[in-house]
Every structure is written in C-alpha cells, then in structure tokens.
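Chemist: Kindly produce the complete structure, drawing on both the sequences and the hints.
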Amino acid sequence: MINIVLFGKPGAGKGTQAEFLKEKYNLTHLSTGDIFRYNIKNETELGMLAKTYMDKGDLVPDSVTIQMLQSEVDKNPQSAGFLFDGFPRTIAQAEALDVFLESKSQSITATIALEANDEILVQRLLERGKTSGRPDDQDEAKIRNRYDEYNQKTAPLMQYYQAQGKFHAVDGIGSIAEITQRLSAVIDHL
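Letter by letter, the sequence shown follows residues 5 to 194 in my numbering.
Mixed in with the good hints, there may be bad ones.
Derived DSSO-like pairs (lysine-lysine); straight-line CA-CA distance at most 30 Å [unchecked claim]:
| no. | residue 1 | residue 2 |
| --- | --- | --- |
| 1 | Lys60 | Lys170 |
| 2 | Lys108 | Lys26 |
| 3 | Lys60 | Lys134 |
| 4 | Lys28 | Lys55 |
| 5 | Lys170 | Lys108 |
| 6 | Lys108 | Lys157 |
| 7 | Lys170 | Lys26 |
| 8 | Lys134 | Lys45 |
| 9 | Lys146 | Lys157 |
| 10 | Lys28 | Lys170 |
| 11 | Lys146 | Lys55 |
| 12 | Lys45 | Lys157 |
| 13 | Lys157 | Lys134 |
| 14 | Lys79 | Lys146 |
| 15 | Lys79 | Lys26 |
| 16 | Lys134 | Lys146 |
| 17 | Lys108 | Lys45 |
| 18 | Lys55 | Lys26 |
| 19 | Lys157 | Lys26 |
| 20 | Lys108 | Lys55 |
Pairwise CB distance ranges (calculated) [stated by the list, open to error]:
| no. | residue 1 | residue 2 | range |
| --- | --- | --- | --- |
| 21 | Asp192 | Asp140 | 31 to 37 Å |
| 22 | Leu63 | Val103 | 18 to 24 Å |
| 23 | Glu99 | Lys55 | 22 to 28 Å |
| 24 | Asp143 | Lys60 | 32 to 38 Å |
Hints in this document: simulated from the structure, not taken from any laboratory. The beta carbon of each residue, even a glycine, is placed where N, CA and C say it ideally should be.
Modeler: See below:
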C-alpha cells in the first residue's frame, strides 16, 4: 500500500497532479477541503461540528479533522493507498495521522512537495482568480499571506518527514505532463 502526502503552496498544481496520480496508482485522493465541504453540505455530525468552529472564525480542531479523515479511509478498504492533499499541516496533525495509520498497520510511504517560485505562483493564482471566482485568488496580499502561513507551518513538517527519510521535493514548474513525470519518477522508486 502506498500512502503519499502531497505538499505545495496554493497554485502549485496539487489538485491537478492528484487527479493524474490517483488514476495511475489507484490511490484514493483525500482532499481535506473536499472532505470538509462534503461533511458540511451533507450535514453529517462531524460536518456540523466543524461548521460551529468555522462560523466563529476559528480553526477546526485537529481531532475533528482526523475523525473526518479516518471516516474516509474506513470507507475505502479496497484502496491501493491514499493521497493526502491539504493534510497534515502541522506536526501535531502528522503525529495524529501516523498514530491512526499505525492502528491500520499502515504508514506514510512518502511526502512529496511541489516546489515553485512564489512570483510564478502568485501570477498563476491571479490568472486562476479571473475564472474561478474565488476571492482569495484575486487579491495578491491575501495570496502572499497564504504563502507566509504555508511557509511557517510547512517548514517544520518537511523537517519532520526528512528525519524519517520520507521527504521528496519535486520541481513544480513546467508542463502538467513534465511535472506528472517527475512525481511518477519519485513514486516509482519508493
């Protein structure tokens, strides 16, 4: 079983690449954003709990997020592995994910970071914002704030996975096919 954590700043192409990787390696793509939206839309118990925090402008506690992920993993026992997108974002979340996967006799196989220059990504997001309608993709200050937050929270995570020998950086600039090829080269050597 292959379990991969996919890192990358907003606009780095995680969503696009996740679509290719899940097909190629028969992985179940677990995007925390999608999981949150599903649970809230369908008014699940966890979704309603998460919404109470979000409505107050608070971060959803790790315990709630982990429970949502556990539920998704449990729904997919036939999966050849999981592609975690948007989680973990902190050391505490990574440790909780490790504990959960160990309870299933699994572990994170690798973490892969799509790396790209901030200036290129800012332009990419501003372009995406013209068609996506997402307000957070239309304001350069908000984009840069998201990058600052990513850098602060993700740097320790990279060190966490480097210490385990599970961290791989991949150049996230180029054509979609080129980037997919780089990611596949890493995965094929795991």
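Chemist: Asp192 and Asp140, beta-carbon distance inside 31 to 37 Å?
Modeler: Holds: the Cβ-Cβ distance is about 35 Å, inside 31 to 37 Å.
Chemist: For the pair supplied as a hint, Lys55 and Lys26, is the alpha-carbon distance within the 30 Å limit?
Modeler: holds (29 Å)
Chemist: Lys134 and Lys146: Cα distance at most 30 Å?
Modeler: With Cα atoms ~15 Å apart, Lys134 and Lys146 stay inside 30 Å; holds.
Chemist: Measure nothing beyond the straight line between the CA atoms of Lys79 and Lys26; if it is 30 Å or shorter, mark the hint as holding.
Modeler: holds (16 Å)
Chemist: Straight-line Cα separation of Lys60 and Lys134 no greater than 30 Å?
Modeler: Satisfied, since the Cα-Cα distance of roughly 29 Å is no more than 30 Å.
Chemist: Within 30 Å, alpha carbon to alpha carbon, are Lys45 and Lys157?
Modeler: Cα-Cα ~28 Å, so holds.
Chemist: Is the hinted pair Lys60 and Lys170 satisfied, with a Cα-Cα distance of at most 30 Å?
Modeler: violated (36 Å)
Chemist: Does Lys134 pair with Lys45 here, judged by a C-alpha cut-off of 30 Å?
Modeler: Holds, at roughly 26 Å.
Chemist: Checking one constraint from the list: CA of Lys108 to CA of Lys55, max 30 Å. Satisfied?
Modeler: holds (28 Å)
Chemist: So if I understand the rule, the pair passes when the alpha-carbon distance is 30 Å or less; does Lys108 with Lys45 pass?
Modeler: At roughly 28 Å apart (the allowed maximum being 30 Å), Lys45 and Lys108 satisfy the hint.
Chemist: How does the Cβ-Cβ distance of Leu63 and Val103 compare with 18 to 24 Å: does it lie in that range?
Modeler: Cβ of Leu63 to Cβ of Val103: about 20 Å, so the range 18 to 24 Å holds.
Chemist: Are Lys79 and Lys146 close enough, with their CA atoms no more than 30 Å apart?
Modeler: Distance of about 35 Å is beyond 30 Å: violated.
Consistency with the previously given hints fails for numbers 1, 4, 14, 24, ordered from lowest to highest.
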